[in-house]
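Asks: For the sequence shown, the positions run 1 to 271 when the UniProt record's numbering is used.
For the record, the hints were derived by calculation from the structure and aren't laboratory data. Positions of the beta carbon are idealized from the N, C-alpha and C atoms, including for glycine. Hints are supplied without guarantee of correctness; some may be wrong.
[What the hints assert, rightly or not] Calculated pairs, SDA-like style, for lysine to any residue (alpha carbon to alpha carbon, straight line, at most 20 Å):
hint, residue 1, residue 2
1, K61, A42
2, K243, E233
3, K55, R45
4, K61, S37
5, K226, Q214
6, K61, S49
7, K55, A67
8, K55, L40
9, K61, R75
10, K247, S236
11, K55, E76
12, K225, S236
13, K39, S86
14, K61, E76
15, K61, G91
16, K61, S46
17, K61, L73
18, K39, S62
[What the hints assert, rightly or not] Restraint ranges, calculated between C-beta atoms of paired labels, are given here:
hint, residue 1, residue 2, range
19, N88, S232, 50 to 56 Å
20, D240, Q214, 35 to 41 Å
21, A72, I227, 47 to 53 Å
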Amino acid sequence: MLFHGGERVDENRRRNKTRKSQCCLPSIFNTVESSSSRKLTAAIRSTISGPPDVKNRYSAKSLRYGAITELALHRELSVFAGCARSGNSTGSTVDDYIDDNNPAYGLQAGMARCGYQDLASNLKAKIEVPRLEALGVEVAASVDELLTREAQIFDHRYGDTSPEALLGEWSKLIASDLASRRMPIPVINSDSVSLAAGLNQALSMLTGLTNQMQSLAQHNENLEKKIATQSSELASLREDSRKSAIKLSVLKTPQHSGRKRAKRSSETTDD
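Take these sequences, add in the hints, and give me the full structure.
Replies: Right, here's the structure in full:
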């Protein structure tokens, strides 16, 4: 769920080769539900102090006991909210009728893990934007890949700025931009009017996000074309430089210099 923005994605749904080229971080494009658990387990283990042989004694399930038990004991959470957060199923036929792609499905459980007490009145609270540093154990490779794909044409702006500082500034810009366009999340009551209003607002937000994603994809495509053009021009300049270096080395050879001196001497004698 960390790698899919809160939704569970299986091996086949919404995945194709053409979409991979539009991703800023292609290395996590192939991360699916079956491999997310291993990555999350490694991230949790990395926060435990002690030698590796001690940390590896904890199973993936035992590492999650505390968080899931906390959700189970919360007075305002249902088993559905807990399962939405943990990625488990209730084991009943109702699972077939629940939309796993709805981000509001696990919103209350996520807020409970963040320390909110009154979840019902806090549904309108500010939601923090996930930061790129949350990539955890994969952050080093992802930073390198991100800089290679997206930031190389801005080298003259960032100079010797470290990847960590660059990511921090980038995250702030993304959060600021999203905050300026964020629509408030309504409290959805059981009556049909509130439910319809909430659904309409959710559809509007999804439409806006879709348009933004399309714009980002087009921007990314333009950047790749610009980088390809610059690479071609650089290759041409390198070839011209190589040819000039060859000509210069020929002019500096002793044999060539001797012939030029002999020619000048012959011209002087004729005079």
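Asks: Now tell me if each hint is right for this structure.
Replies: Tested hints:
no.	hint	verdict
1	K61 <-> A42	12 Å, holds
2	K243 <-> E233	16 Å, holds
3	K55 <-> R45	6 Å, holds
4	K61 <-> S37	10 Å, holds
5	K226 <-> Q214	18 Å, holds
6	K61 <-> S49	18 Å, holds
7	K55 <-> A67	18 Å, holds
8	K55 <-> L40	14 Å, holds
9	K61 <-> R75	23 Å, violated
10	K247 <-> S236	17 Å, holds
11	K55 <-> E76	33 Å, violated
12	K225 <-> S236	17 Å, holds
13	K39 <-> S86	15 Å, holds
14	K61 <-> E76	24 Å, violated
15	K61 <-> G91	17 Å, holds
16	K61 <-> S46	16 Å, holds
17	K61 <-> L73	18 Å, holds
18	K39 <-> S62	15 Å, holds
19	N88 <-> S232: 50 to 56 Å	52 Å, holds
20	D240 <-> Q214: 35 to 41 Å	40 Å, holds
21	A72 <-> I227: 47 to 53 Å	50 Å, holds
The structure fails to meet hints 9, 11 and 14 from the earlier list, while all remaining hints are met.
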